[in-house]
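Chemist: Sequence:
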Amino acid sequence: MIDYKKDKMYSTIFDKSNSKNNTLKDKENLIRLKESLPIYKSKSELLQAIYNNNVIIIVGETGSGKTTQIVQYLYEDGYHKNGIICCTQPRRVAAVSVAYRVSYEMNVDIGSLVGYTIRFEDNTSKETKIRYVTDGILLRETLNDEQLDKYSVIILDEAHERSINTDVLLGILKNICQNRNDLKLLVTSATIDSYKFSNFFGNAPIYFIQGRTHKVHIEYLRTACNDYIECAVQKAIEIHISDSNYDNNFGDILIFMTGQDDINATCYLLSERFYEVYSSYKDYNYNKQNTIKKINNIINDGGGGVKDDSVSNIRSEGATKNGAIKNGTTKNEGTTKNEGTTKNEGTAQNERHIVPFYVFPIYSQLSSEQQSKIFQKYDLRKIIVASNIAETSLTLDGIKYVIDSGYCKLKVYNQKIGMDVLQITPVSQANANQRSGRAGRTGPGICYRLYTENTFLCDLYKNNIPEIQRSNLSNVVLLLKSLHVKNIFEFDFIDPPSKESIISSLYNLWVLGAIDNQGELTAIGEKMVLFPLDPPLSKMVIYSEKLKCINEILIIVSMLSSSAIFMESKENTDAIESKKEKFTVPESDHLTLLNIYTQWKIHKYSNEWCKKNFIQFKSLNKAKEIYSQLYDIIKTLNIKNVSSSNNWDSIRKTICSGYFHNAARLKSFSQYTNLITHVSCFIHPNSSLYNIGYTPSYVIYQEIVFTTKEYMRNVTTVEPEWLCELAPLFFYMKAGV
5 MIDYKKDKMY STIFDKSNSK NNTLKDKENL IRLKESLPIY KSKSELLQAI
55 YNNNVIIIVG ETGSGKTTQI VQYLYEDGYH KNGIICCTQP RRVAAVSVAY
105 RVSYEMNVDI GSLVGYTIRF EDNTSKETKI RYVTDGILLR ETLNDEQLDK
155 YSVIILDEAH ERSINTDVLL GILKNICQNR NDLKLLVTSA TIDSYKFSNF
205 FGNAPIYFIQ GRTHKVHIEY LRTACNDYIE CAVQKAIEIH ISDSNYDNNF
255 GDILIFMTGQ DDINATCYLL SERFYEVYSS YKDYNYNKQN TIKKINNIIN
305 DGGGGVKDDS VSNIRSEGAT KNGAIKNGTT KNEGTTKNEG TTKNEGTAQN
355 ERHIVPFYVF PIYSQLSSEQ QSKIFQKYDL RKIIVASNIA ETSLTLDGIK
405 YVIDSGYCKL KVYNQKIGMD VLQITPVSQA NANQRSGRAG RTGPGICYRL
455 YTENTFLCDL YKNNIPEIQR SNLSNVVLLL KSLHVKNIFE FDFIDPPSKE
505 SIISSLYNLW VLGAIDNQGE LTAIGEKMVL FPLDPPLSKM VIYSEKLKCI
555 NEILIIVSML SSSAIFMESK ENTDAIESKK EKFTVPESDH LTLLNIYTQW
605 KIHKYSNEWC KKNFIQFKSL NKAKEIYSQL YDIIKTLNIK NVSSSNNWDS
655 IRKTICSGYF HNAARLKSFS QYTNLITHVS CFIHPNSSLY NIGYTPSYVI
705 YQEIVFTTKE YMRNVTTVEP EWLCELAPLF FYMKAGV
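Just so we're aligned: 452 in this note's numbering is position 448 of the sequence shown, and the numbers increase by one with no gaps anywhere.
If you're looking for bench data, these hints aren't it; they were derived computationally from the structure. Hints may be right or wrong, so weigh each one.
To be verified - Here are the simulated DSS-like cross-link-like pairs (lysine-lysine), alpha carbons at most 27 Å apart as the crow flies:
(1) Lys584 to Lys615
(2) Lys574 to Lys490
(3) Lys644 to Lys586
(4) Lys29 to Lys85
(5) Lys47 to Lys178
(6) Lys615 to Lys178
(7) Lys574 to Lys584
(8) Lys154 to Lys85
(9) Lys31 to Lys47
(10) Lys615 to Lys552
(11) Lys608 to Lys415
Said to hold, decoys possible - So the derived label-pair ranges between C-beta atoms look like this:
(12) Lys219 to Asn458: 47 to 57 Å
(13) Ile606 to Lys178: 44 to 54 Å
(14) Lys219 to Lys608: 51 to 61 Å
(15) His488 to Glu276: 51 to 61 Å
(16) His488 to Asn207: 40 to 50 Å
(17) Glu280 to Lys503: 28 to 38 Å
(18) Tyr199 to Glu629: 13 to 23 Å
(19) Glu504 to Phe734: 28 to 38 Å
(20) Phe673 to His221: 48 to 58 Å
(21) Ser368 to Leu670: 27 to 37 Å
(22) Glu280 to Lys178: 29 to 39 Å
(23) Asn207 to Glu729: 36 to 46 Å
Beta carbons: idealized from backbone N, C-alpha and C, even for Gly.
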């Protein structure tokens, strides 16, 4: 049996306190690992191709080494002498984790020679010559440096993901390359869209890096799956039971889910199924409560395990040939082809041990410390439950099994409600193939697709629709206007968005006062573009100067820009709800966030206070950092940071200034209607305004989420006269607004 744990490529944990590898053994191992990467064989030829061409398309599978090695090759070749080597990533988690990995490989501290910059976090210095950034950060840098003169090389990594920022950067960089003969532009991609990129840059050469993907056996369901979370958990337990032993030869399991909620639910359900399966054994003394606590730690602290020492001596007398447990819940009869393929042939059924496992979530909202846990070595199997960031943005070694739910979350602009919404949609064939490929990195693997083969062949799109063709473009249009792009319709997009989408975005900016009737930036718009925020939030910050509540609005915006505030814990649900009520301001979710932050500040930013109140310390600390950066921006605008002294009407009115287009009026007992779009909506059950004893007549909301109903999130009560004052073109007083 292949050893899926030995000689893993990128399993060494990057350490924030010390990125350096000091021992000779570390250095020798590192050299061996780097030389075993597929890209190493192409090093000289690739550097020559880069030298000969100012623009080049580089195609390589995930794990080929292109993200970590190319920047080092360029540095060794002296490209850093003429400017910084910049590599963009579509996701924050990738920018951070790769920067740490490269700093480790180069034996330097993070933030010195190698650094990273993501939204609201800059870990670079004057010494930095290799800089990893999100594509959004590089896009915003064009505001102050239109030709990006400080860079000698720019690498657009994972360009095939076609994020909205990457697509805009492609158009901007195409123009920059025509003006700068000293700039090298490298566009790296999977095989998807590589020829499209080449054509866009005037038939730029394509360089292929030979991969080393092993054979992956694909298994489909015979019939459709009703509950992909339940089905995925059952399959994971089945795999674990049928392929568990103590010689560390088992492979890890990677489960693809749609996003944070599904991932957390899967982690919880794994603990439940673990209990149900193993509690059937006669000598078993597994503590379910401890496991639930560990799962809560996973969700709230980003790492933990379904592991109990009492499990280690349990024998699997109840295991059948196909890996199911008698009297258990893991058998999934009639669902997959070749049911016997996961059988561990080398071990007698009644002698095989069942070992525990570790489970880790991974999604973009987790902190970098939490995300780093999935890269560590463990003596037990890891079950990693991931969003689509694990398709290409992360290289995970030791994965033998992939379970593909067949779904992902995509941001889609809903013309009816006038905003982006996250929708759960089927993956494309390209996504599915990327997911299955994760099982073939270090040896042959198996991918279990939780849908039928006919669904894959007939129902799934071949590729995803580019984000720029399905998203709100207000931020993009605002930025392009600030870059003096007169006619947005003539901007050189690799895949142009629809005219209707551009017109809608121009209209949204006009409504906020960011552009005038001729489509030119106003004084307000010129200020708004300086903030790394959505336009309505930027408008709130600017308007807060007029009502003298800048401090409070900065806090609210910072809290909205951070992660989830309260911990999640099934065992402490009642206690958490009780603590939430203590901070609730019935008139406003925004004021509730302000109240939480203010109380934390009164208690001297205490971690213990957060624990006592089931509040995520890291989320509040992140909000504090964001506040500091936003404060630096308002100082450059010569805006004084003044406080309203808890004049909550001023704060609510300021919030209304950014979201008056999302104003809703009470229609019936609990149903609201948007005053502009006439869409029906309801207050979200998690809102401070839910079941408060009365129903406000007028509210504004930040977003709508679609579940069983159209729910408003981040809701604040407003007065109708505010709407008439702030947006007289839309509202007027009659018998009502």
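Chemist: Is 36 to 46 Å respected by the C-beta to C-beta distance linking Asn207 and Glu729?
Modeler: With Cβ atoms ~57 Å apart, the hint is violated.
Chemist: Taking the CB of Ser368 and the CB of Leu670, does the distance hold inside 27 to 37 Å?
Modeler: 36 Å, holds
Chemist: Check the following: the C-beta atoms of His488 and Glu276 are separated by a distance inside 51 to 61 Å.
Modeler: 57 Å, holds
Chemist: Taking 44 to 54 Å as the hint, is the beta-carbon distance of Ile606 and Lys178 inside that range?
Modeler: 52 Å, holds
Chemist: Assess, step by step, whether the Cα of Lys574 is no farther than 27 Å from the Cα of Lys584, and give holds or violated.
Modeler: With Cα atoms ~15 Å apart, Lys574 and Lys584 stay inside 27 Å; holds.
Chemist: Indicate whether the distance between the beta carbons of His488 and Asn207 respects the range 40 to 50 Å.
Modeler: With a Cβ separation near 29 Å, His488 and Asn207 fall outside 40 to 50 Å, so the hint is violated.
Chemist: Does the structure keep Lys615 and Lys552 at a Cα separation of 27 Å or less?
Modeler: At roughly 33 Å apart (the allowed maximum being 27 Å), Lys552 and Lys615 break the hint.
Chemist: Can the restraint linking Lys608 and Lys415 be considered satisfied, given a maximum Cα separation of 27 Å?
Modeler: Violated: Lys608 and Lys415 sit about 38 Å apart, past 27 Å.
Chemist: Quick check on a hinted range of 29 to 39 Å for Glu280 and Lys178, using CB atoms only.
Modeler: 57 Å, violated
Chemist: Between the alpha carbons of Lys29 and Lys85, is the straight-line distance 27 Å or under?
Modeler: 31 Å, violated
Chemist: Is 48 to 58 Å right for how far apart the beta carbons of Phe673 and His221 are?
Modeler: 55 Å, holds
Chemist: Please verify whether Lys31 and Lys47 have alpha carbons no more than 27 Å apart.
Modeler: 20 Å, holds
Of the numbered hints stated above, those contradicted by the structure are hints 2, 3, 4, 6, 10, 11, 12, 16, 17, 18, 19, 22 and 23, listed in ascending order.
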